[in-house]
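With the hints as extra help, turn the sequences into a complete structure.
Protein chains: 2
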Amino acid sequence: MSLPLLEQLIEAFRVLPGVGQKTAQRMAYHVLERAREGGQRLSEVLAEAIEKIGHCVQCRDFSETEVCPVCASASRERQMLCVIESPADRLAIEHATSYRGVYYVLQGRLSPLDGIGPRELGLDKLEARLAQGEVTELIIATNSTVEGEATAHYLAQLARRNKVRPSRLAQGLPLGGELEYVDRGTLSHAFGSRSEISE
Amino acid sequence: MSLPLLEQLIEAFRVLPGVGQKTAQRMAYHVLERAREGGQRLSEVLAEAIEKIGHCVQCRDFSETEVCPVCASASRERQMLCVIESPADRLAIEHATSYRGVYYVLQGRLSPLDGIGPRELGLDKLEARLAQGEVTELIIATNSTVEGEATAHYLAQLARRNKVRPSRLAQGLPLGGELEYVDRGTLSHAFGSRSEISE
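Protein sequence lines correspond, in order, to chains E and B.
Okay, so the first sequence: first residue is 1 according to full-length UniProt numbering, each after it adds one.
Okay, so the second sequence: first residue is 1 according to full-length UniProt numbering, each after it adds one.
If you're looking for bench data, these hints aren't it; they were derived computationally from the structure.
Some hints could be false.
Note: identical chains are not told apart, hence a pair may lie in one copy or across any two.
[Stated by the list, open to error] Capping the alpha-carbon separation at 20 Å, the derived lysine to aspartate or glutamate pairs in EDC-like fashion look like this:
#, residue 1, residue 2
1, Lys22, Asp89
2, Lys52, Glu37
3, Lys22, Glu94
4, Lys163, Glu137
Since this is a predicted model, take the numbers as computed values, not measurements.
Here it is, written out as structure tokens:
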């Protein structure tokens, strides 16, 4: 009744995040109807990326080479180390800021219930790096979630133990945000952490 | 600064419908972080599907074989022919109804402004088939859009010209729909096409 191969393709698309049965179906039909060339290319690049992209041995970010271009770059300041949860965060920071230091990608966050502890996030390797003394500031840029905050707390202790100054991204009202629509937690924090306006 | 291969992968994902830069990024990271096996499989099935899936010579639906399983099936009634716009419509009808006839897939709808006329939809082949006399009812199941209606009108004329009875899916309130939330066009049509309640 149905095409086994077409059904297989629909099933295969469901591996993508946020893609259910309906969307997978739409994707399969779209590729077959209108984008065979693009689909061919996706198939090839996907196979190549999965085969070749591993992790940088220094920062744990995705990398085709043993050491990623950022870690290998001579123009990056190695005293500043920014800890992030995922590679996507690095992209966001690079696009938004002029940060010239290096990164350390946890590839997750502390979540004891899911069996994710300091070892799984490579924090032993991070501590060894901090102990070397090259890093002077550890910029903790984990997410503002409960788990992200717990991870940040742990990282701050780790930094202090190794005589490295920990810092955390500022929290408060988003730029352009209207008080009326800001969530209570953020507003309460922003109110409590108000700063004096200098003349 | 960035991984060429990773950027290529993100770009390649954008071929999928409804996938912009952000979603493509999330898909690429998700596959690399958590679903390498599924990604590998997607790559393989996608290449195989693009290579092997063509169109059924009888109904124009997607098919791995020259004649698709539905058209080749001996248990299908060949006097009823249901005309649909896309292969996804066949799936929807098969799931929802107990229709045992065969299909004809337009792979589009009449849209003169986009250069899509009767030829592009294979209506010459459809007419030849109706002329053979095997088909007695042409069930027109194009979408309830302006273009779908125009296509339905054209198909009905085609059917009558060849002494085939054309029919159209019923239009009105969706089951479980509340009057208050039904769009004006549908409500107006349903009101006008009200039917008498038999005792």
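Any of the earlier hints contradicted here, and which numbers?
none
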